[in-house]
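Protein chains in written order, with this note's numbering: chain A, 1 to 220; chain B, 221 to 440.
The set of hints was computed from the structure by calculation and includes no laboratory data. Remember, predicted model here, so these are calculated numbers, not experimental data. Fair warning: there could be bad hints in the mix.
Derived DSBU-like pairs (lysine-lysine); straight-line CA-CA distance at most 30 Å [claimed, not checked]:
no.	chain 1	residue 1	chain 2	residue 2
1	A	190	A	142
2	B	288	A	94
3	A	211	A	15
4	B	265	B	235
5	A	94	B	314
6	B	314	A	68
7	A	31	A	142
8	A	211	A	182
9	A	186	A	202
Restraint ranges, calculated between C-beta atoms of paired labels, are given here [to be verified]:
no.	chain 1	residue 1	chain 2	residue 2	range
10	A	3	B	246	24 to 34 Å
11	A	210	B	359	56 to 66 Å
12	A	206	B	383	51 to 61 Å
13	B	389	A	215	49 to 59 Å
14	A	206	B	270	50 to 60 Å
The beta carbon of each residue, even a glycine, is placed where N, CA and C say it ideally should be.
2 protein chains.
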Amino acid sequence: MLSQSIEDYIKAIYKLQEHNTSVTTNDLAKKMNVSAASATNMVKKLAEMNLAEHTSYKGVTLTEAGTKIALEIVRHHRLLELYLQQALGYTWDKVHEEAEHLEHHISEEFEDRINDFLGNPQYDPHGAPIPSRDGTIPTISKDSLADADEDNEYIMQRVEEESPDFLRYVGGLGLFPNVRFKLIAKEPFKGPLTLRVDGDMKIIGHETASKLYVYRSESA
Amino acid sequence: MLSQSIEDYIKAIYKLQEHNTSVTTNDLAKKMNVSAASATNMVKKLAEMNLAEHTSYKGVTLTEAGTKIALEIVRHHRLLELYLQQALGYTWDKVHEEAEHLEHHISEEFEDRINDFLGNPQYDPHGAPIPSRDGTIPTISKDSLADADEDNEYIMQRVEEESPDFLRYVGGLGLFPNVRFKLIAKEPFKGPLTLRVDGDMKIIGHETASKLYVYRSESA
DNA sequence: AATAAATTTTAGTTTAAGCTAAAAACAAAC
DNA sequence: GTTTGTTTTTAGCTTAAACTAAAATTTATT
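Could you put together the complete structure from these sequences and hints?
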């Protein structure tokens, strides 16, 4: 059984890998809120355990074994998030934190039972893909709303931010996964975007838009 | 936030206090599966934190503050057990272990939500009382079936053992909380007991009976 | 290319929780 | 009421995961 700490580091590396090509110990230290030295130590330990590869002064990558563990943790996390929402009525801004604590402590049986309760779901409340038991990840759009084109219709896929405040803000605009909307206007130079969501006009900043992933909708 | 370890010790002391009047560090060490020295160390730390009182070479008692914490943990544990059974279909022999892991990691919100889901329940799947939010404990019979009298009707209140094997055995006899049965015969000298449960005759040992708590039923 | 700045690693400490072995205190037996 | 045996505590060691400060390496600047 891996320590909670080890699991947290693996998950952090996994998440950093999704974005940045190379993950430095410093990136990791920041994400984990520990000193750079602590991150280095853990990375060396992970390498020792063959869960990561580390080239000094360069960066870290998860090995296949490490990735497998990361996917299990992410699966736990996202299943829990959805379960908290669907079964216990949590709002989407609160599920992350609770799942964060629980993800390390549920058994395989628990995982299976909530998975069955939820009908083997593909996405969590924020639209993030839930890795399947065997490590397959449902496809997701990698198109940020910030790169979308005026005058097109889109469907919200995913909000890639977990801060409660941000989620409440976005939710207040009606922008939940699977919601359809139209991008009416988009100012140049990272300016604001105007959307029509369910008949209402909403203006959001470029920064916000960059965290929303969408796919083109066949306009109705 | 108390460490998991501290919480586990507090809970162990609480449970030992329920039975034995005085709790020695050795009792505690056995219950916790640690060396006597480790138990002594922790007890001193708890005393330091004003969660327990310790008189050297004598024993430990929880303070009011310590008891309050114990009750919270026990509440978490028993609510979880019932939730796992009611909401997720766990059998009663498996709920203990899962709850044991989760009890330290659920938030107050989680506690409240499962409590509401369960309708503010009083007893867990084994008939153990669930302390209320404010620390009140539902009444329970302290009469063991081992001390019961021939020819009377009883209702199962509680099974005071958490080992899966034992619970499966007892469950196989049909002896769940709230089940009514009649004590047909009872051999002297800690001999076996004969019961009629739902029309069927069952013979159980004294040792088993001593772990079953019952109350007299007004015979129908 | 040489030096300055930033990043990463190494070295050595700290804390929590465990351990063993030895010492101290208590209980029991003669 | 000593002596013997058990229980409890003390002392000192180990491991995991953090830390700071110093050394090493890489990157950036002139």
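Against the structure, the hints:
no.	hint	verdict
1	A/190 to A/142	holds, 19 Å
2	B/288 to A/94	holds, 27 Å
3	A/211 to A/15	holds, 15 Å
4	B/265 to B/235	holds, 19 Å
5	A/94 to B/314	holds, 29 Å
6	B/314 to A/68	holds, 27 Å
7	A/31 to A/142	holds, 22 Å
8	A/211 to A/182	holds, 17 Å
9	A/186 to A/202	holds, 12 Å
10	A/3 to B/246: 24 to 34 Å	holds, 29 Å
11	A/210 to B/359: 56 to 66 Å	holds, 59 Å
12	A/206 to B/383: 51 to 61 Å	holds, 60 Å
13	B/389 to A/215: 49 to 59 Å	holds, 56 Å
14	A/206 to B/270: 50 to 60 Å	holds, 54 Å
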